[in-house]
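Asks: Dock chain one against chain two, each of which comes alone in its own frame, and use the hints as you go.
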Amino acid sequence: MTELLNLSRRKFIIATGATGLTIGVLAACSKKPGEPDYSDMEPNPEVNAWVHIGHDDTVTVRIARSEMGQGTLTGLAQLVAEELECDWAKVTTEYPTPGQNLARERVWGDFSTGGSSGIRRSHQYVREGAAAARIMLVEAAANEWGVPVAECTVSKGVVSLKGSKKTLTYGKVASAAAQLAPPLDVTLKDPKDWTIIGQPKQRLDTADKLTGAQVYGSDVKLDGMLTASIRQSPQIGGKVKSLDASAVASMPGVKKIVQIGDDAVAVVADTWWRANKAVLALPVEWEGGVAFSSSEFETELDDGLTSDDAFTGNKVGEIAPAFANAAKVVEATYNMPFQNHAPMEPMNATAIWTPEKCEVWCPTQNGEAALAAAAEAAELPIEQCDVYKLHLGGGFGRRGMSDYVSQAVKIAKQMPGTPIKLQWSREEDMLHGFFHPITKARARGALDADGNLTGLHIRISGQSILAALMPQALANGMDFATFQGLLPSGVDARVEDQTLKYTFDNLLVDHAMRNPPVRPGFWRGVNANQNAIYLECFMDELAHAAGRDPLEFRLAHLKDSPKSQAVLKAVAEKSGWGADDGKSRGLCNFYSFGSYTAACAEVTVDADGNLKIDRIVAATDPGYAVNPQQVEAQVQGSFVYGLSAMLYGEITFENGVAQQKNFDSFNSMRISEMPKVETLVMPSGGFWGGVGEPTIAVAAPAVLNAIYAATGKRVRKLPIKDQNLRDA
Amino acid sequence: MAKLKVNGKSHTVDVEEDTPLLWVLRDHIGLTGAKYGCGIAQCGSCTVHIDGVAVRSCVYPLGALSGEEEITTIEGLSEGASHPVQQAWAELDVPQCGYCQPGMIMAVAGMLNTNPNPTDEDIDAEITNICRCGTFVRVREGIHLAKTKKA
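Protein chains in written order, with the numbering used here: chain A, 508 to 1235; chain B, 35 to 185.
Isolated chain B (complex conformation) (with noise of 0.2 Å):
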């Protein structure tokens, strides 16, 4: 029996050790937010953040977990999706499959936490999140509107 916590509320699961975050949090919590995209941290779509750091939740074993961490997915990131970045994604009609989004969303709130005024190099150095519909050039816009938001 493991124990996390995951958008504020204790849960507690009974998994194998080697099991990745990603389906700890789609199979056994029930919060599908965080999508399956390559299982090899390649794509990013499922990024959720670990103490407020972005983390790629499908190579990130339940077994590295003390169980006190704040683990927050896109479910948990507002209440009523009043986060900057999803003010901003919906002001842009940023999503086209929106498959992805839910990763890169969180990417990019990760990236706000520890660095709230991301120059363009910045962004491509830090979000590297794969997204087939090529979103990019509104993911930019809407990174750089975030910046100008308030929750």
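The shape of chain A in the complex, shown without the other chains (with noise of 0.2 Å):
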């Protein structure tokens, strides 16, 4: 099994520099000063598919999941260290391929990598896989003493003799151990003897991240490689009429001029500048494309507001009686627009195809929906392919998408033998994304003569995901995700992590499908983002207009969750909620991908209307924090993800054309507009919540909460970037 993971080692050469080293981009060791070596002894078989440990000690940690970012690769890392009770500081990692997953039935279990999911739907077999080799290790070691298993102790890595000074580390018996049958039941360490999971270990993956020597797919580099640049049609839908190679044939570099599919071009050359220069200069003609105009699709949306076809995701009671003897009745629409994911690195793949074989190396954050992507473009067998995967520069869904996988082998196949690296623009990243869905929404409450809700109405209007990427996962023609962090407890077991922790006697929440043709995507957060809009914003509005205070009107509905109402509680307390000191402040909280989130922010709109964040508070509860100070991490920098799509994140069409081609136009926040965060990590224990996105849905209805109470301003339209804070 080494040996078949050390092949696609062999095969990836990176030159660096003019001296061509050669390196590998998978884990691998180098024998420092004074150590034995073993460069002469046949290497150690694995333990088990989880584990390898070499003759120096070195463990080496497969991970299936993808890193870009989030840093699932060390919390996981972290899990199979605590079962195995090896020396952290020995612990390396790899990437299995999922051409070996599929080889061995999957025996590492699903590699997609989303819905902040990588420790908290993996955490049960990881750990037993890792305990599992523990168990095969010691064993191994009472096997050499020929003695029962009982009488051996085993601690960072080495296992010892009881009543002797007898010890063998686990590099010593590993090839035994390999030989053994693996037990057939594990028992896992009780929470509170952990050691490992729940400390805030530094990243395994930090060092090569501050000197360029980590490898991402766009700096991929194998013998004979060349470069593609492609062009997509840049109206939504359009074709390929007609294209004049010979007008750039003869340009620097240019090698060969394709067509990918029915909708794109690319131009191959020696570097990457000449192959973008040349598709820019080719002469293409594009017909058969989608005229759409979302100021247009606005009418569509308002439809939805109040139409009578919308699906039922959450009914509590019955809110017509209670509308109609309110003494106050509150209402308000707000709207999101598109966005793109815009990670740093944009959408690249590179790719050999030959008739028998296709290899592609790529950022993704599903292996084996690239490897089935490669496999069909390869026009191959799915076992004479495979996908070697690269740590992402970023994800946060786009990357979940394999369609730059599929033209990267559409390409590498029209020149067998040649490697391809097709390396996307940032401006054919920002036109074909796949875009965070278009919504609105209408929310209307009912208050009575004491300022109590009586009934609450959320009606969603706008595009669903699954219809458009999974339409097997409707049910009945609805998209259950539309109503993330909306749904009703106690339904249905596989959303009960996507659920509305408030109680209300009577609720409905609803969906106008209104689907747009621009294509969808799972973007961070998903739709937990404006769904903790719609909802917290508007309790907020609700609680002004029923003259109680925010925080004691959430907690009156949060009575049935004290896990919300201890993160909602916390970030009041820290952040001086309720304190008469002049500040502008506004609270969130939010369950959503398993985890209770809340947030309290401090703002301050200055009299030209110029907006600054100066602080925001923020609570998680994620049950277990497998790495603390990683968690910290992943909520100072949703707030970044979440807070540029408030400001200024905003794609629009016109004519079918996307309007924002790069950073220019869809703006990301920078330095000088990050607010001092301040992260209470609150994890109470028994489940695995997600923490790379929960806290993305609170930071905007925070900020927008305070914005009000700044201004007495409310913003339901986002972005704000165009909107004076100051004007009526």
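To be clear, the hints were calculated from the coordinates, so they are not data collected in a lab.
None of the values given here were measured: they were computed from a predicted structure.
Cβ coordinates follow ideal geometry from the N, Cα and C atoms, glycine included.
Any given hint might turn out to be false.
[Stated by the list, open to error] Mimicking EDC-like on lysine to aspartate or glutamate, the simulated pairs with C-alpha atoms at most 20 Å apart in a straight line are:
| no. | chain 1 | residue 1 | chain 2 | residue 2 |
| --- | --- | --- | --- | --- |
| 1 | A | 1119 | B | 104 |
| 2 | A | 673 | A | 564 |
| 3 | A | 1183 | B | 154 |
| 4 | A | 1183 | B | 156 |
| 5 | B | 184 | B | 155 |
| 6 | B | 37 | B | 51 |
| 7 | A | 1183 | B | 175 |
| 8 | A | 822 | A | 564 |
| 9 | A | 1076 | A | 1056 |
| 10 | A | 1070 | A | 1003 |
| 11 | A | 1119 | B | 51 |
| 12 | B | 43 | B | 104 |
| 13 | A | 597 | B | 156 |
| 14 | A | 1183 | B | 160 |
| 15 | A | 1183 | B | 158 |
| 16 | A | 762 | B | 156 |
| 17 | A | 1119 | B | 125 |
| 18 | A | 1119 | B | 158 |
| 19 | A | 762 | B | 48 |
| 20 | A | 1090 | A | 1059 |
| 21 | A | 669 | A | 658 |
| 22 | A | 1090 | A | 1056 |
| 23 | A | 1220 | A | 1121 |
| 24 | A | 1090 | A | 1115 |
| 25 | A | 864 | A | 883 |
| 26 | A | 1183 | B | 155 |
| 27 | A | 1008 | A | 1088 |
| 28 | A | 1119 | B | 155 |
| 29 | A | 822 | A | 1012 |
[To be verified] Negatives, chain A to chain B, calculated, CB over 10 Å:
| no. | residue |
| --- | --- |
| 30 | 731 |
| 31 | 979 |
| 32 | 1026 |
| 33 | 1077 |
| 34 | 1089 |
| 35 | 1144 |
[Said to hold, decoys possible] Derived list of chain B stretches under chain A, where covered just means 3 residues or more per stretch with a C-beta under 8 Å from a C-beta of chain A:
| no. | segment |
| --- | --- |
| 36 | 50-56 |
| 37 | 83-97 |
| 38 | 149-160 |
| 39 | 168-178 |
Replies: Below, the structure written as structure tokens:
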């Protein structure tokens, strides 16, 4: 098996500088001075699929999920190291390939990395795999000494024989352990005995990210490789009518001009700059596109706000009598635009195709989907293909799609035997996203004479992600994911992690599906992002309309969710909520991806309407915090993603063409706009919640509610960028 | 043919003069530490030093170089990641996906070359790189920590 993994390693040659020095992209251990030399020894076999231990006691943990910044690599390794009882200082990691997973009957399970699920959906079998490896290693040591296993103890990768000074390191018994039958039953450690899980360990992938040594997909270099730049139909649904290859064929470095499928062209050249220059100069005629306008689509969204074709996502009691008997009815309409994921590394993939084999090197959030896409584009049996994953230069959901993998293979197929790196320009990346869906919502609340909320109706109008990407997941046409964070509890265990934690006497949440021709995608946080704005900005409006404190008003409706109360109270207390200090604060709490989150934002808005987000206190209860310092990093980072969307993020379409093509028109917040973030990591234990996404949802509502506190103005249409916060 | 000095080493490249320095470094010299993020000097992922000054190499044409300048990329910033910024970044685990970080580190190192003791206001004014993972809180902490470190 180690040999199998090494196969991809050998082929992956990176030329660093003019030195031609070659390094492996996967974990490779180099001998340090004074260490024994094991190079003449046959490498140890793996102990099991999850763990390989070298003669030098280096522990290589196999990681099925993809590292894209969220720290899953380190967190998963902590889970393994905990149960393995190895020395954390000797832990390194590597990615098995999706092809190996297929060949071994999916021994590593799901490779898909999305929905903040890397740890929470695999912690059980990953820890069991590590515990099994530990049992086998200890048994091998016991066999070596000819004693019962009960005579042995283990700590930090060293097995000791009780009552003697005899020890054996894991590296010495790994080969024998690999021959043993795996245990039928394993018992996992009690969380109170954890020494690695729950510790703020430093990331395992930092060092190479400080020196330029980290190899991303964009940096892949293979012998004889050529580089391609692509142009896809700028208009949605457009096809290539004609292209004039001769016009650019003699440009410097150009090797080949190709069409990819029916909707894209590419130029293959010796360098990317030359390929890109030529593809931009290539005369192409397009036809058959859709003249979609996002501003005109507003009419359809507005229709959906009051139409009677809505799917019911959550219903409690009857809202009609509540509104009929209301002392006061509050109503508000909110808008959320399309967003681009805009990871810092534009889409890319490198492929080699021959009639016998197809191999792809790429950053992907879904290795198995990338492999399937490669095999389909290669027109080869999947067993003759493989995908080698690299750390992602950002994913955010975009790299769960495999369009760029298919394209790279389709180009490579036209140049058999030549490695082709397809690198998208930022402009292609911006124009051809899988966009965060466009929605609008109308919220209505009924208040009685005492300021109690007696009825609440949230009508969502707009785009369904599942209808476009996973229509098989629709239930009688309904997209349950649209209701993320607003779903009823206790109805469907599969979505229990995305349910509403407020208790309301009379509630209706429904969705009028209005699908534009723009392809939607899962965008970090997904539908929780706008649903939290719809719910939590409106709860703020209701509290003010009822003349009640927004904290007290929320807590009253969180009576059945003590964990939600705990995070909300924690941010309120830490931020100084209610203090008579002239600060403008806004609150929010939300539950998504299995984690309880809350935030309190402090803002100032000057006389000209300029916003400054001064401070955000955030709390999250993810059940178990595998690595608290990385949970903190995710909270901080998620705010940049959520607040960039709130401040600037918007893709608009005119005549079927996205109008934002780069960061000059699709802006992202900078360090000068970054508030102070104080993170409260509050793991209450007993469950495994997500970390990468849940806190995005609370950032924007907390800030929007604070803006109201500062100005008396409600911002209900995002992004904020072109609105003056001081105009009525 | 154009000559240029990168990380103390001379190179001769046969490239069109309008080719941005970024692509000369990445595709002709083989130094892939500086990253392509936008191509229009917005994001700063491509930041390198020319005579110690941070520049966005994605819009810096080869033809604008005389060949005498000392160009420094992330690969040449220090031996063994010993630059104060790299030390601080390691200590605080600043990078997430890390793609923007070579540019971020070079931008910060460039700022420290001329302003060894930047205030928060200086940081706000000078560090304008985009990071979509959102490492800004730790970038700021890292800058203040780097001020206290020696190479």
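Asks: What are the numbers of the hints the structure violates, in ascending order?
Replies: 1, 5, 8, 11, 13, 16, 17, 27, 35 and 37
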